[in-house]
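Undergrad: Those protein sequence lines, which keep their order, are chains C and R.
In terms of the working numbering, the first sequence has 350 at position 326, counting the first letter as 1, and numbering is strictly consecutive.
In terms of the working numbering, the second sequence has 352 at position 328, counting the first letter as 1, and numbering is strictly consecutive.
It should be emphasised that the hints constitute simulated quantities derived from the structure, not laboratory data.
Values in this document were obtained by computation on a predicted structure and should not be read as measured data.
One or more hints might be untrue.
On the chain R side, residues computed to face chain C include the following (Cβ under 8 Å) [unchecked claim]:
hint : residue
1    : Arg181
2    : Leu186
3    : Glu190
4    : Ile194
5    : Arg200
6    : Ile204
Ideal Cβ positions, reconstructed from N, Cα and C, are used throughout, including at glycine.
Protein chains: 2
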Amino acid sequence: MSRKLDLQDIDDMARGAAILGCGGGGDPYIGALMTKQAIAEGRPVTLVDIDEVPNTAQVVVTLGIGAPPVLIEKIASREQPELALRHLERHIGRKAEYLIAVEVGGLNALSPLMLAAATGLPVIDGDGMGRCFPKLEMTTFNISNVPATPLAVVNERQDFVLLKTESDAICEHYIRYLSIGMGGFMTGAGWAQSGAEMKRACVPGTLSISLKLGQVVRQARERKENVFTALLAGLRETEYYNHAHIIFEGRISDVSRRITGRHSVGVARVERAGEVLELVVQNEFLVARKNGKTACIVPDLITVLDEDSGEPITAELLRYGQRVRVLATSVAPIMRSEAALAVWGPHAFGLDEPFVPIEQLVLQG
Amino acid sequence: MSRKLDLQDIDDMARGAAILGCGGGGDPYIGALMTKQAIAEGRPVTLVDIDEVPNTAQVVVTLGIGAPPVLIEKIASREQPELALRHLERHIGRKAEYLIAVEVGGLNALSPLMLAAATGLPVIDGDGMGRCFPKLEMTTFNISNVPATPLAVVNERQDFVLLKTESDAICEHYIRYLSIGMGGFMTGAGWAQSGAEMKRACVPGTLSISLKLGQVVRQARERKENVFTALLAGLRETEYYNHAHIIFEGRISDVSRRITGRHSVGVARVERAGEVLELVVQNEFLVARKNGKTACIVPDLITVLDEDSGEPITAELLRYGQRVRVLATSVAPIMRSEAALAVWGPHAFGLDEPFVPIEQLVLQG
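The shape of chain C in the complex, shown without the other chains (with noise of 0.2 Å):
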């Protein structure tokens, strides 16, 4: 069923695809902000099912490129989206009729509803991901057989790439040495697909869980509530997210990160009473260890809540001495199937061991 977004959906989406986001997919924040300014400027934004797309329509992804640092420093340029997709579209010579997002975040779930706001598309229910991840490769819409490519990418000056490659991987490879030359943080518009093919690849309904959970934090905020029992409930009545725990409260004790290309990988550590929980990052949260054994592994969901707000909070934005809760959450079945892990499970990202679900491990806990 479609609907029509308003401002205060726009903020509790994009803190209920922070959630999601696994501490990646840009600042919710900044992502906010952006889009209210695109709907104040444009028109109203429409999110469909993704039943209500027709088979043969062209649907496009949307997207923000690049280290999730350097968006707090440099905001993108309003007209970049537009750029990027008239540019696509030129190259495959047919107009989008749908947008979709490639990944749910703070600020790659909201891509889509800012350039809705700009060019009057609708926005389709759901992503690529179900989560964030750290490379282009790494999509349903990979899996399934929908290439990335052609892939324009526009930066802030407005200079144009478009990229074609034998392989979502090798255009990833592109990216992170074109990344580093455009400035650090691009947007891109690619994903070029049909109504059928984004039914079979996506992962459907993430946006509007995400408007769902953002509200569930907001109004537990207004009624005095506990935001995290809340939260708990919301994610348990989702269909995927459903085994959702808080695995660790304490306080972060040690962070440290560096922008190697399009990535920022560091280590964080939170502590509390002698115990300690360790959190991988490679842009998002990749593995939380508790006391060295793990307790929660990628794909499945990690993310770092502000303890008084439960606010999530960003990988850049962790900062020492922050108190904060960590939720460990299942994702949607068809990220947990083997050729999803063989391209974002544990391995693909350089750890030495197997996923473990997450209600495996807390049973094992």
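Could you slot chain R onto chain C? The hints should help.
TA: Using the frame of chain C, we list chain R on its own:
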């Protein structure tokens, strides 16, 4: 006057272009091999004077992009140039009617010939440098406001990238990063321009001059005449390259080089009887310093020739112990204008000295 080129012409032109190529532009042996193969499998190649090209014709540059040493180990695939051309044509919405070289060098002067053999398109007798330079913005096209982008780039995997940038210098900046990712050597198609623009912007006649110089060296060798005397006489008969001098003879005593992104940089030393000539390299020879004093400087031409055969030696093929003569030659006046020197004079290469024409340096002795 248009003429068909035969296989002997290709060897001669490759040699002559390498003489004008200042040590850059790729190995003439590989260039000639690839071109002869393309002609054997394709069609004969026609060279046309700039005056024969209609003002409204669509002219396109085809070129190799990357660090020349890479090409010694990894030859380009035969499909690359035509793929890049087709991608460019698709983007500009118009078919190419004439091809032109970006620079005169052992490989890049011949790039249009290879593509001409595959496509049947005529090749214009001229180029955009009248020598070789290491950067995309260093063309007479650029100083005549004919931009390099949209620039289509293809590597040996047939991965494709199209760039459109604010300036040629920015394109060069991105290409440098991209080149690392794409394997160090790519084929490009760009500088789409009209016949009228080409006539205003190019250095005319440089391919036929290359052919002539290559013939002069070969014929002198066949007749057991002095190759260097013949070559100097041949250069002095040309319109631009008429100030030509052997500035040093000796043995290569030291060569250092490294590849930084898409460039090969280094220093070579030639010694004889206590005297030394130092050659500073960035793909091409930039400056020759005799006993510490500038003997020839960019954009004038510095060429290293084998003592026995008179064959030009590209910078990447310099070896310890080679006996060589070093030739210094004037460039076309269009290459020495104030606007030109701002883009490729000594300062553009970080050299802290002014350009002094070879005809003056020789007088200062």
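Undergrad: So which hints don't hold here, by number, going up?
TA: none
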